[in-house]
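K.L.:
Spelled out, the chains give:
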Amino acid sequence: MSRKDATLTTHGFKYFLRKLWRDPMGRWGLLILLITSFVAVICPIFFPFDPSKVGVDASSILTGPSQTHWLGSDELGRDVLRQFFSGARISLFVGIMATIISTIVGSGIGVFAGYYMGRLDGFLMRITDFFLVVPALPLMIALGAIFGQNITVIIMVIGFLSWPRTARIVRSQTLSLRQRQFVPRAKSLGSTNLRIIRTHITPHVMPLIVANTILVVAGCILSEATLSFIGLGDPDRISWGTMLHFSFVSGAIGRGAWWYFLPPGFGILFIVLGFTLVGHSFEKITNPRHRGES
Amino acid sequence: MSLLEIRDLHVSYPNRKGEFFAVDGVDLTIEQGEFVGLAGESGCGKTTLALSIPQLLPEHSRIAAGSISFNGVDTTALNEEGLRAIRWKEISVIFQGALNALNPVQTIGSQIQEPIRIHDESVSKKEAQDRTLELLEAVGIPSHRASDFPHQFSGGMRQRVMIAMALSCMPKLVIADEPITALDVMTQAQILDLLRSLCDKYKLSMLLISHDLSVLAQTCDRVAVMYAGKVAEQGPTSRVFGSVGAQHPYTQRLLRAYPNIRHERKFIDGIPGYPPDLSTLQVGCRFADRCDVALSRCATEVPDLIDIGGNQSVACHLVSENQVGVQ
Amino acid sequence: MSEKFSLSIEDLHVSYQLSGSAGKNKIARAVDGVSLQLHPGETLALVGESGSGKTSIANAVMRLLEPTSGKILLDGVDLVPLQGSELRAMRRNFQMIFQDPFESLDPRQRVIETVMEPLEIHGIGENQEQRRDLALAALAQAGLRPAADIGDRFTHQLSGGQRQRVAIASAIILKPSLIIADEPVSMLDVSLRAGILRVMADLRDQLGVSYLFITHDLSLAWMFADRIAVIYLGRIVEEASAVDLIENPMHPYTKALVSVIPVPEAIEGASRTILSGEIPSPSSIPSGCRFHPRCPLFRELGEPEKCLNEDPLLQISAKSESHLVACFFSDPSKGDTQ
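Line by line, the protein sequences are chains A, B and C.
For the first sequence, our numbering begins at 146 and goes up steadily by one.
For the second sequence, our numbering begins at 2 and goes up steadily by one.
For the third sequence, our numbering begins at 2 and goes up steadily by one.
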């Protein structure tokens with residue numbers, strides 16, 4: 146008899162890491178994430194970036210790689226490498242914070258809609274649909290105008306616009322779990338609904354939420370880069386997207402100052418690729434339908 | 002010549018250590034027009050045995066040894082093309098749980114018609130339609146329902162549709178794998194009655210697989226009881242369930258696991274323990290460690306299926322020793 | 002009067018609205034006026050085909066389904082008006098064993114967690130240690146030995162029979178007065194059934210628990226239960242002691258059911274009454290006696306008007322006070338058969 150959950154039982158974190166490492170896709174993803182987190186977390190400690198430390202004269206503006214500036218300087222004569230390190234930190238921070246918001250809101254709404262069904266489900270799903278179609282850019286411009294270009298606003302906007310997909314996935318999983326007989330059994334034992342959600346629904350949707358979360362991080366980092374690139378980023382906290390924006394407006398691309406726009410560009414590509422690879426690999430491991438073995 | 006003669010059949014599945022035998026040296030004969038029941042608990046190899054006849058085994062499994070002679074032809078030696086000529090036209094299968102596998106967007110009439118036209122291209126559309134209506138009548142479905150869709154049918158009616166499909170090319174042998182398991186008691190009786198009458202009417206041979214011995218006792222001419230990949234006992238229903246009685250300790254204990262309303266009311270007996278794990282090496286009689294009358298040799302020697310007369314045979318050391326004693 | 006019953010169901014109705022285009026606002030009467038009484042320590046088997054309403058009765062008693070009307074008295078307390086925390090607190094007195102042991106146990110829980118869960122819900126036991134000991138004792142009582150060893154496994158690592166024993170252990174740990182067993186052995190191999198039923202019978206003797214045993218298998222009901230009630234299309238058609246019902250079935254439906262019970266014996270010329278057709282939908286219950294379209298007696302008697310127009314009530318038969326039947330013509334002693 147094929148029982149869906151037989152493979153999905155409580156395995157520790159280590160088990161998943163080992164599984165990820167065995168999958169080529171997961172291994173490359175993990176390596177990429179390891180490198181980027183090193184760049185984002187460790188490097189800025191040793192090479193801090195000070196936005197106010199501008200160049201002294203015209204000769205230090207947009208210079209190529211040299212002994213003093215390994216990756217050249219920007220249009221204000223600041224060190225690009227240090228900026229790159231600190232940009233990684235901001236990009237990652239925004240991506241993760243937005244994802245936390247997105248995951249909490251999305252899985253919460255998904256679980257409750259799927260578990261209670263009926264009218265609450267209908268109501269929550271209409272809200273989900275609404276957020277699914279709200280266009281991010283105009284909202285961002287409007288909010289930017291009201292609250293100013295602020296990193297908190299960016300996190301909030303990205304977080305509150307990216308949860309609907311999570312909510313839909315979690316809801317459908319919850320709906321199918323609700324049909325399983327262990328739910329009425331728990332009810333007949335005298336469990337409250339909240340207890341059933343906590344002990345019998347959440348552990349089953351958790352792997353799905355984790356896999357989805359990893360993919361959402363990639364999406365959020367990309368959203369942040371897009372918003373920052375078109376100039377809606379926080380000018381005090383320079384992310385990779387903001388770097389691209391300034392390299393574009395300062396004409397670095399026209400002048401062939403590749404050291405200014407290539408590092409953040411490849412950085413974004415790299416980090417998004419890393420999260421996507423790990424996310425898909427994790428999905429493959431936790432979803433038995435994708436697996437050949439029993 | 003019998004219609005079907007299976008000799009010393011071994012069917013293996015791969016496992017981590019190599020392979021294990023789900024069917025391990027089985028002999029089975031089915032005569033023309035005979036209704037044979039195949040009983041056993043889940044995992045005893047009864048479905049594997051049945052599906053090896055038209056070679057519809059799951060992927061990776063293979064017939065490792067033995068022969069299956071159907072109508073004088075060894076099906077194990079046939080290639081894919083030769084098998085295609087036999088499947089459905091000569092041997093058809095009513096798969097377990099297939100009543101839920103009907104195409105929901107096709108009328109049942111056209112679903113019955115389809116195999117007729119696929120397997121014999123000379124049949125015209127009109128002929129196939131007439132044949133379909135005839136089949137529906139034969140399985141007790143009013144012909145006006147041919148244009149209905151599967152969801153308009155109950156489980157019992159859908160099983161009748163499956164039977165009509167199995168009969169569509171008038172095969173010589175029909176294999177029915179647990180055809181009544183999911184149905185209600187009264188519907189079960191209806192379907193068994195139908196299978197029996199179709200078998201008699203069209204001189205079909207039937208292999209009915211069921212986990213329920215009491216169902217087979219009332220329907221079949223002959224039964225074979227399988228345990229852990231081997232036939233434990235086989236014989237005519239009238240002997241095994243009647244005059245002579247079951248001889249193998251497993252069959253006897255299995256029979257005591259059913260309440261019998263014709264006898265005094267008493268608590269049913271189970272069989273302690275579990276069937277052996279076939280993926281490990283088997284020595285001796287496979288039932289020995291659950292058997293309460295096991296002899297010392299049962300643990301080491303595999304008992305052969307011995308004919309004890311009246312076409313009844315038993316694979317048990319105790320029975321064969323008593324036989325020798327009698328003679 | 003209701004004091005002496007463990008469970009007393011009075012005129013229970015469960016109906017629901019059919020949705021979708023097929024049944025436009027039709028009402029399906031799954032349970033259509035059922036009354037049942039169950040004495041403490043007694044086992045009552047509720048026997049019927051699928052669609053007869055037997056599972057709806059079980060779910061209504063378990064309050065997994067809202068009854069439309071009627072009373073469900075458990076040890077004299079009506080369960081129907083109870084809601085929320087009152088109902089949840091009451092639940093420790095009645096438990097259910099579900100049909101499918103593969104579906105009814107959470108595969109992510111360990112066996113010991115599954116059995117301890119009811120204790121945690123109802124706050125029984127002073128600490129985890131004590132709850133653990135109680136759970137191990139219940140596992141041993143359900144025949145799972147060594148209990149500590151099995152308790153550490155995940156439920157998906159167990160066989161069907163072992164899982165059903167886990168379900169039994171978690172049902173008895175609260176010491177309920179009533180256990181509803183919904184086809185507890187139908188998913189299990191024949192050789193394992195006796196073991197499960199034996200454990201249930203032992204618990205009946207030791208704890209004095211009463212069972213509402215729901216099954217489609219009349220012979221199993223005969224063997225296990227004290228009394229049998231046969232249900233057809235939401236209504237009890239016959240009720241008697243288990244032996245009496247099998248030996249002297251009165252209702253034509255029961256007679257047919259008894260005649261088709263498979264027996265592991267080769268019987269020459271056994272007379273079986275195989276009813277034609279199937280149980281109708283609860284959204285279109287036939288007029289008069291709901292069984293008349295399939296009734297052999299109805300046809301034999303030349304289709305009497307009474308069966309077409311009047312709904313027979315479940316009444317004491319003239320033969321025995323404990324044998325109840327809902328048929329105008331099946332009671333030979335009443336003399337109105339002619």
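Note that these hints are calculated values from the structure, not bench results.
Be aware that a few hints might be false.
To be verified - Simulated pairs of lysine-lysine, DSBU-like, Cα-Cα distance not exceeding 30 Å:
1) C:K320 - C:K176
2) C:K256 - C:K307
3) A:K164 - B:K90
4) C:K256 - B:K202
5) C:K307 - B:K267
6) B:K90 - A:K159
7) C:K5 - B:K267
8) A:K429 - B:K18
9) B:K267 - C:K176
10) C:K27 - C:K307
11) C:K72 - A:K332
12) C:K27 - B:K267
13) C:K320 - C:K307
14) A:K332 - C:K256
15) A:K332 - C:K176
16) B:K126 - B:K90
17) B:K18 - B:K90
K.L.:
Decide, hint by hint, whether the structure agrees.
P.N.:
Against the structure, the hints:
Only pairs whose Cα atoms come within 30 Å are accepted, and C:K320 paired with C:K176 is rejected, the gap being roughly 38 Å. Restraint check: the Cα-Cα separation between C:K256 and C:K307 comes to about 21 Å, which is no more than 30 Å; the hinted pair holds. For a cut-off of 30 Å, the pair hint linking A:K164 to B:K90 is broken: about 48 Å separates their Cα positions. Of the supplied pair hints, the one linking C:K256 and B:K202 holds, its CA atoms being roughly 29 Å apart against a limit of 30 Å.
Straight-line distance between C-alpha atoms of C:K307 and B:K267 comes to about 41 Å, which puts the hinted pair past the 30 Å bound. The hinted pair formed by B:K90 and A:K159 fails the criterion: a straight-line CA distance of about 55 Å is larger than 30 Å. Between the alpha carbons of C:K5 and B:K267 the distance comes to roughly 28 Å, so the proposed pair stays at or under 30 Å and holds. With a CA separation close to 27 Å, the supplied pair A:K429 and B:K18 stays within the 30 Å bound.
With a CA separation close to 27 Å, the supplied pair B:K267 and C:K176 stays within the 30 Å bound. With a C-alpha separation of about 27 Å, the suggested pairing of C:K27 with C:K307 holds against the 30 Å cut-off. For the hint pairing C:K72 with A:K332, the CA-to-CA distance comes to about 21 Å; that is within 30 Å, so the pair holds. At most 30 Å may separate the alpha-carbon atoms for a hinted pair to count; C:K27 and B:K267 exceed this at roughly 45 Å.
Note on C:K320 and C:K307: the hinted pairing holds, with a Cα-Cα distance of about 22 Å set against a maximum of 30 Å. Between A:K332 and C:K256, the direct Cα distance comes to roughly 38 Å. Violation of the 30 Å bound is thereby established for this hinted pair. Of the supplied pair hints, the one linking A:K332 and C:K176 holds, its CA atoms being roughly 17 Å apart against a limit of 30 Å. Taken as a hint, the B:K126 and B:K90 pair is honoured in the structure, with Cα atoms around 18 Å apart against an allowance of 30 Å.
For the suggested pair B:K18 and B:K90, the alpha carbons sit about 39 Å apart, so the restraint of at most 30 Å is broken.
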